[in-house]
Amino acid sequence: MPDPHEMLAEPSSTSRVPTSRTARPGAKRMTLSCENCQRRKTKCDARQPACANCEALGVQCSTRKPTRKRGRHAKTNDDTWSTPNEPQQISTPLRSHEVSLIPVIAASNEAGPFDLHSHGRDGSVSNEQGEMLDPSPAAHPFQSYDILSATPQPDWTIWNDITPGAVISPSPSFAQNIGVKPLFEALSHGLNAAGIGVDHVGYIASCIELFFGKIYPTYPVVYRPRLAEAIEQLGLGVFDLDHKTFALLTATCSYTLAVLPVTTSSNTWPAATVFYRSSRAALAQYTEEDIENPDHTSLVIRMFQSGWAHVAGKRRTSWNMLGECIRLAQAMRLHDESTYTRMSHLEGQMCRRAFWTLYTGDKSSAVLGGHPVCLKETIFRDVETVGYPVPLGDQDAIYITLDAGNIQELNILTGFNANQDLWRTAERLLDFDHSCLDTVAIDQAQANRSQTLLDALLSDFYACLDNLPTCLSFYPDVSPIMGKFAFQAETDRLQIPEAMAIQRTNLQVSHLCLKLLVIRRLYEPRPTLGFRHDERCKTPSLHIADSLGIARDLLYVIHTSSIELIRLNGEACVEKIRLIGASVLELIANNPDIPTHSVLRQYQELFPHILALLDSKASEAADG
1 MPDPHEMLAE PSSTSRVPTS RTARPGAKRM TLSCENCQRR KTKCDARQPA
51 CANCEALGVQ CSTRKPTRKR GRHAKTNDDT WSTPNEPQQI STPLRSHEVS
101 LIPVIAASNE AGPFDLHSHG RDGSVSNEQG EMLDPSPAAH PFQSYDILSA
151 TPQPDWTIWN DITPGAVISP SPSFAQNIGV KPLFEALSHG LNAAGIGVDH
201 VGYIASCIEL FFGKIYPTYP VVYRPRLAEA IEQLGLGVFD LDHKTFALLT
251 ATCSYTLAVL PVTTSSNTWP AATVFYRSSR AALAQYTEED IENPDHTSLV
301 IRMFQSGWAH VAGKRRTSWN MLGECIRLAQ AMRLHDESTY TRMSHLEGQM
351 CRRAFWTLYT GDKSSAVLGG HPVCLKETIF RDVETVGYPV PLGDQDAIYI
401 TLDAGNIQEL NILTGFNANQ DLWRTAERLL DFDHSCLDTV AIDQAQANRS
451 QTLLDALLSD FYACLDNLPT CLSFYPDVSP IMGKFAFQAE TDRLQIPEAM
501 AIQRTNLQVS HLCLKLLVIR RLYEPRPTLG FRHDERCKTP SLHIADSLGI
551 ARDLLYVIHT SSIELIRLNG EACVEKIRLI GASVLELIAN NPDIPTHSVL
601 RQYQELFPHI LALLDSKASE AADG
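Here full-length UniProt numbering is used: the first residue of the sequence shown is 1, the next is one more, and so on.
One thing to keep in mind: the hints can contain errors.
For each label pair, taking beta carbons as the anchor points, the in silico distance ranges come out as [as the list claims (entries may be wrong)]:
| # | residue 1 | residue 2 | range |
| --- | --- | --- | --- |
| 1 | L613 | Q48 | 45 to 55 angstroms |
| 2 | K43 | G370 | 18 to 28 angstroms |
| 3 | D455 | L517 | 49 to 59 angstroms |
| 4 | Y475 | D593 | 51 to 61 angstroms |
| 5 | E377 | Q48 | 23 to 33 angstroms |
| 6 | L402 | D240 | 46 to 56 angstroms |
| 7 | A228 | Y399 | 38 to 48 angstroms |
| 8 | S338 | D240 | 27 to 37 angstroms |
| 9 | E337 | E232 | 34 to 44 angstroms |
| 10 | L517 | E337 | 24 to 34 angstroms |
| 11 | D455 | D295 | 21 to 31 angstroms |
Simulated from the structure, these hints should not be mistaken for lab results.
Just so we're clear, the structure is a prediction, and the values are computed from it rather than from any experiment.
For each residue, glycine too, the CB sits at the ideal point set by N, CA and C.
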């Protein structure tokens, strides 16, 4: 049986023996994909002397002879696998998790930092100049990939020394007790090649500043002093950071640059990719230990990496990473309040935030992506439900100047916790069994109890955002309190801080999207519900009226927000707008006899126009 260490060792380019990969015309394909295409899991055309993918990437195209799968294996040293003078990369026996990680890192190194695997899977091709050509006109919702072809590809061979095997069996260039210095040097090398010519520590600091200014209001899962201390140490040339902190720092930067629109800063997608690969390399150093002893960073790092993969078009990879987060949260029993008695106050608060972010993200992914719900409310059945997080001082404080010059202090967690209430009440409504209302199948008393429960759930859902501060409410300029109510001519418009404006847009758009789904469930055809139909329409009149009201409310939210605020909430916010717009277009298509002067006819052109302004791929779907 071949030695596993020799099989894992990377052969030199001079020792590889290429094999014939030419297929007979019209014959069944019996060719071998080259090494690069096998690692990237892309289709290889087996062209000689180099396939199209390798030629476009500018790398050597070669194919090693496969090992025999049948018959006896001779125990001989095959020169095709190693040379006498070639050092072994792994000189000690590997544990199972180490063996599984090395091919992943090697594949990342070979593909280069700008390779978007999922776009190739979706049908993108490369032209002769090596530029990535995507069939979708907006493969990335807010950034153009044209910059990828203009930016030179960095040499990622420096990452070869930063693998789990290199840490376990140090190479000569990997000295002891140097912390994250090799990781940071590789990161700097990648940023230089990505066109980032400024000081790299300062660039990292600016990315973190962008995160807390633009993303933190809806994603408050990072403790700022920890990252600030790490940046300060890197600026002083101190590299004794733990790999976990470095992975969190680079994952935060990658997610920030990936999801923010280009109008926000001069961020680039290649830089986001470099940060992502650096974060993955750092996480690979302690993966097994992290799974055995997880904390809140174990979830946050993977959530950020999942977010980058989602923006890159790697939907399956993103979903798999999110699933790993959910499994870790379940293993940590973060849904049980008693778990937090064994944590410090800070760790407990960050774990609460990470759990509720996962819980809500799981519901959003089910609504917008069609994925199955993993974290259902049934997990709270036999335990005390975990409470919501509380503010952490100045990091979560927001100050608003009122008309009289008074300062009102709010906090980020108000809107964050309200978002959890919104999705939880909507979940109960969407999971309600409407067959319990059927008086034919069950007795009248049980049907009445079910109707009472449904009415209570509807009341909770419609009123779940009523207690919000005025700046987060549907009408941000109107206070329902008698002493604070004023006419518009008598007062200046309240200047809402950007963090609260971002939260308001997210809350109100999510509420309207969920309201639309609830209305769909209520008006689903059931024999016992006696809705009166317009003879000319296929849809109940009340359903059309309620959908029209939701569309109007959405237009008001969009009007009182800005394109930038919607973009800052990410593609999920745009997808919710698309969902409402698509429902309006569906109503028009199913009811051709709606009067031409109806406002619904105007929405037929308005919603695709709005989505086009948002520069989103959702506009193409709504228009079609």
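Does the Cβ distance between D455 and L517 fall inside 49 to 59 angstroms? With a Cβ separation near 18 angstroms, D455 and L517 fall outside 49 to 59 angstroms, so the hint is violated.
Taking the beta carbons of A228 and Y399, is their distance inside 38 to 48 angstroms? Because 21 angstroms falls outside the window, the suggested range is violated.
Does the beta carbon distance between Y475 and D593 stay inside 51 to 61 angstroms, or does it fall outside? Violated, at about 35 angstroms.
CB of E377 to CB of Q48, is that within 23 to 33 angstroms? 59 angstroms, violated
So the hint says 45 to 55 angstroms: do the beta-carbon atoms of L613 and Q48 match that? 49 angstroms, holds
Verify the CB-CB distance for S338 and D240 against the hinted window 27 to 37 angstroms. Holds - the Cβ-Cβ distance for S338 and D240, about 36 angstroms, lies within 27 to 37 angstroms.
Determine whether the Cβ-Cβ distance between D455 and D295 falls within the hinted range of 21 to 31 angstroms. Taking Cβ atoms as reference, D455 and D295 lie about 43 angstroms apart, which means the hint is violated.
Supplied distance hint 46 to 56 angstroms, evaluated on CB atoms of L402 and D240: The hint (46 to 56 angstroms, Cβ to Cβ) holds, given that L402 and D240 are roughly 47 angstroms apart.
Could you say whether the range 24 to 34 angstroms given as a hint is met by the Cβ separation of L517 and E337? 30 angstroms, holds
Given the hint of 18 to 28 angstroms, is the C-beta distance from K43 to G370 inside that range or not? 27 angstroms, holds
Is 34 to 44 angstroms right for how far apart the beta carbons of E337 and E232 are? 36 angstroms, holds
When each numbered hint is compared with the structure, violations occur for hints 3, 4, 5, 7 and 11.
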